[in-house]
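Participant: Those protein sequence lines, which keep their order, are chains A and B. All residue numbers for the first sequence refer to full-length UniProt numbering, where the first residue is 1 and numbers rise by one. All residue numbers for the second sequence refer to full-length UniProt numbering, where the first residue is 1 and numbers rise by one.
I should point out that these hints are in silico values taken from the structure, not numbers from a laboratory. Errors might be hidden in some of the hints.
Keeping only pairs whose Cα atoms sit at most 20 Å apart, straight-line, the calculated SDA-like set for lysine to any residue is [unchecked claim]:
#	chain 1	residue 1	chain 2	residue 2
1	A	Lys109	B	Ile20
2	A	Lys109	B	Met6
3	A	Lys134	B	Gly90
4	B	Lys202	B	Pro226
5	A	Lys109	B	Phe47
6	A	Lys223	A	Asp301
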Amino acid sequence: MTDAIVVEGLEKRFGATTALDGVDLTVAEGSVLGLLGPNGAGKTTVVRILTTLLLADAGRAEVVGLDVVRDADAVRAAIGLTGQYAAVDEYLTGFENLEMVGRLYHLPKAEARSRAGELLERFDLSGAADRPAKTYSGGMRRRLDIAASLINRPRILFLDEPTTGLDPRSRLAMWEFIAELADGGTTILLTTQYLEEADRLADRMVVIDRGRVIARGTGDDLKAQVGGQRLEFTLSRAVDLPEVARRLRPLAFEDARTDEQTRRLSLPVHGGTEVLAEALRLLEGVGIEVLDVGLRRPDLDDVFLTLTGHSADDAATGDDTQAEPVPAAGGAR
Amino acid sequence: MTTLAMAVSDSLTITRRNLIKVKRVPDLIVFATLSPIMFVLLFRYVFGSAIPIPDGLNYAEFLLPGIFAQTVIFGSTITGASLAEDLQKGLIDRFRSLPMARSAVLIGRTVADLLLNVLTIAVMMITGFVVGWRIHTSIGEAILGVLLLLTFAYAMSWVMAFVGLLVRTPEVVNNASFIVIFPITFIANTFVPIDNFPAVLKAFAEWNPVSAVVQGARELFGNVVPGAPEPNGWALQNPVLYVFIWVAIFLAVFVPLAVRTYRRTAGR
Numbered sequence: 001m002t003d004a005i006v007v008e009g010l011e012k013r014f015g016a017t018t019a020l021d022g023v024d025l026t027v028a029e030g031s032v033l034g035l036l037g038p039n040g041a042g043k044t045t046v047v048r049i050l051t052t053l054l055l056a057d058a059g060r061a062e063v064v065g066l067d068v069v070r071d072a073d074a075v076r077a078a079i080g081l082t083g084q085y086a087a088v089d090e091y092l093t094g095f096e097n098l099e100m101v102g103r104l105y106h107l108p109k110a111e112a113r114s115r116a117g118e119l120l121e122r123f124d125l126s127g128a129a130d131r132p133a134k135t136y137s138g139g140m141r142r143r144l145d146i147a148a149s150l151i152n153r154p155r156i157l158f159l160d161e162p163t164t165g166l167d168p169r170s171r172l173a174m175w176e177f178i179a180e181l182a183d184g185g186t187t188i189l190l191t192t193q194y195l196e197e198a199d200r201l202a203d204r205m206v207v208i209d210r211g212r213v214i215a216r217g218t219g220d221d222l223k224a225q226v227g228g229q230r231l232e233f234t235l236s237r238a239v240d241l242p243e244v245a246r247r248l249r250p251l252a253f254e255d256a257r258t259d260e261q262t263r264r265l266s267l268p269v270h271g272g273t274e275v276l277a278e279a280l281r282l283l284e285g286v287g288i289e290v291l292d293v294g295l296r297r298p299d300l301d302d303v304f305l306t307l308t309g310h311s312a313d314d315a316a317t318g319d320d321t322q323a324e325p326v327p328a329a330g331g332a333r
Numbered sequence: 001m002t003t004l005a006m007a008v009s010d011s012l013t014i015t016r017r018n019l020i021k022v023k024r025v026p027d028l029i030v031f032a033t034l035s036p037i038m039f040v041l042l043f044r045y046v047f048g049s050a051i052p053i054p055d056g057l058n059y060a061e062f063l064l065p066g067i068f069a070q071t072v073i074f075g076s077t078i079t080g081a082s083l084a085e086d087l088q089k090g091l092i093d094r095f096r097s098l099p100m101a102r103s104a105v106l107i108g109r110t111v112a113d114l115l116l117n118v119l120t121i122a123v124m125m126i127t128g129f130v131v132g133w134r135i136h137t138s139i140g141e142a143i144l145g146v147l148l149l150l151t152f153a154y155a156m157s158w159v160m161a162f163v164g165l166l167v168r169t170p171e172v173v174n175n176a177s178f179i180v181i182f183p184i185t186f187i188a189n190t191f192v193p194i195d196n197f198p199a200v201l202k203a204f205a206e207w208n209p210v211s212a213v214v215q216g217a218r219e220l221f222g223n224v225v226p227g228a229p230e231p232n233g234w235a236l237q238n239p240v241l242y243v244f245i246w247v248a249i250f251l252a253v254f255v256p257l258a259v260r261t262y263r264r265t266a267g268r
């Protein structure tokens, strides 16, 4: 398989903040890559460089064999981009938005119109086709935005946090649309903060932190690194946390994480509900009040703790809001 | 498609998009025309009685070309504010990711605002007729007068396009441009004759391109006293030529500057 996207040694600084510190990645033609990282890790900066919106300070990026700087126009003709915020003209109707984008891709008028109708149908927006986008819900705007990026039948689609801010139902619908596109052979680079989302949609994942790649592989590779499940307890009193951690230690393969403020305890375990039952048995008759207990799959925060020793929340360098980068402590190491 | 054909087609697409907004948000056009009507009435009837003007001319005739100029110049802030709004909403990012001409968003914007100004001038001329303003020259000269106003406003639109892309917040564009546009439209012959200005302001007013726009429009509409002495200074003696020199300078400087900023700018 050939690579649809090749990125080598990409670097970008905003003032004193280093947004990208030598990123390498490739995306095979027809596959889906999940670019995973917390806010400010540099995901959006990678997308903006690949979509010709931003110039890198160093490194090289190719999309369908075209250099994103030298052949910027040809790259633009081959890609579709859906940014973090739905970039639709709210005064135009859904149909007018898509027709305009089609015309700007230089489709003949008739084709732009028929393509607009097709995509509105496909994204469940036919009923709202003649209403100004101002009246659309968040989920509808996001769908219209993705439809706009598909007008030209792009070979490569960039989706920057396509489900951020969507309600759970719209998120599921969006996942289905993305999966359909991937099945149709479109190469997709998708950024997300959610391990679950990347796991569900992506063939391969690249995890970045502070502008550097810290892990790459399939979802299973990553989960194998992070390991097992998380057993989580919320107690009524924070003083009981050490006692619970001590009693449950035999069940875990690593020490428990506790948080006094939220009175929560998280324990990495192998196994399923039988571990949960065992844990509850170990806490019987000791007079500790448990408010909430559950078993969950590892999330991005767990990946970060395992790979970097710090949580995802501490990772931000602020580069995603790249107009005004906010330097963060430890951002430029 | 050739580069030129592409630029024309893309600019038309963007112009159309901007005009659809005018259609969908009629308040825009209502307020854009109400305020000049209000200005005409205020100056004509409130200040008009107190402002001494050259003999043989009624104040409406003196005033209207000034109001035309001030209004179309203020209209240029719409260019800057609209671009800042597009930036904020991420639309500029979308446009920049499309294989379209790099100048089209700016050309489409300024052309749409030019068409808006045509409408505004028409409304003001009608209001002017109602309060006693008249054209005393030929149709050709009158059309030239309108073109002079529109051309200068179009050049100002490019200045504001650059400001809008730089400032990036529509509200700030509005406030910032008022700070500049108020003085340049008031320290001029727009509403009062400049002969009694203090020396420094008088010199400024004599070389202020807005004065030349107004003087040029007055001459082309025939709103000057026949046989009156020539105004002071080369600029006001050759107002049309002087205005076109400014237009050329504005366009030569700000078209490339605005396009360059557009290419490098980034939303949010």
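Participant: Run every hint past the structure and note whether it holds.
Facilitator: So, going through the hints one by one against the coordinates:
1. A hinted pair counts as satisfied when its Cα atoms are at most 20 Å apart, and Lys109/A with Ile20/B qualifies at roughly 17 Å.
2. In summary, the hint linking Lys109/A to Met6/B is supported, as the alpha carbons are separated by about 14 Å, within the 20 Å threshold.
3. Between Lys134/A and Gly90/B, the direct Cα distance comes to roughly 15 Å. Compliance with the 20 Å bound is thereby established for this hinted pair.
4. Proximity of Lys202/B to Pro226/B is assessed by CA-CA distance (about 23 Å); at most 20 Å being required, the pair is judged violated.
5. Only pairs whose Cα atoms come within 20 Å are accepted, and Lys109/A paired with Phe47/B is rejected, the gap being roughly 54 Å.
6. Taken as a hint, the Lys223/A and Asp301/A pair is honoured in the structure, with Cα atoms around 12 Å apart against an allowance of 20 Å.
Violated hints, listed in ascending order, are 4 and 5; each of the other numbered hints is respected by the structure.
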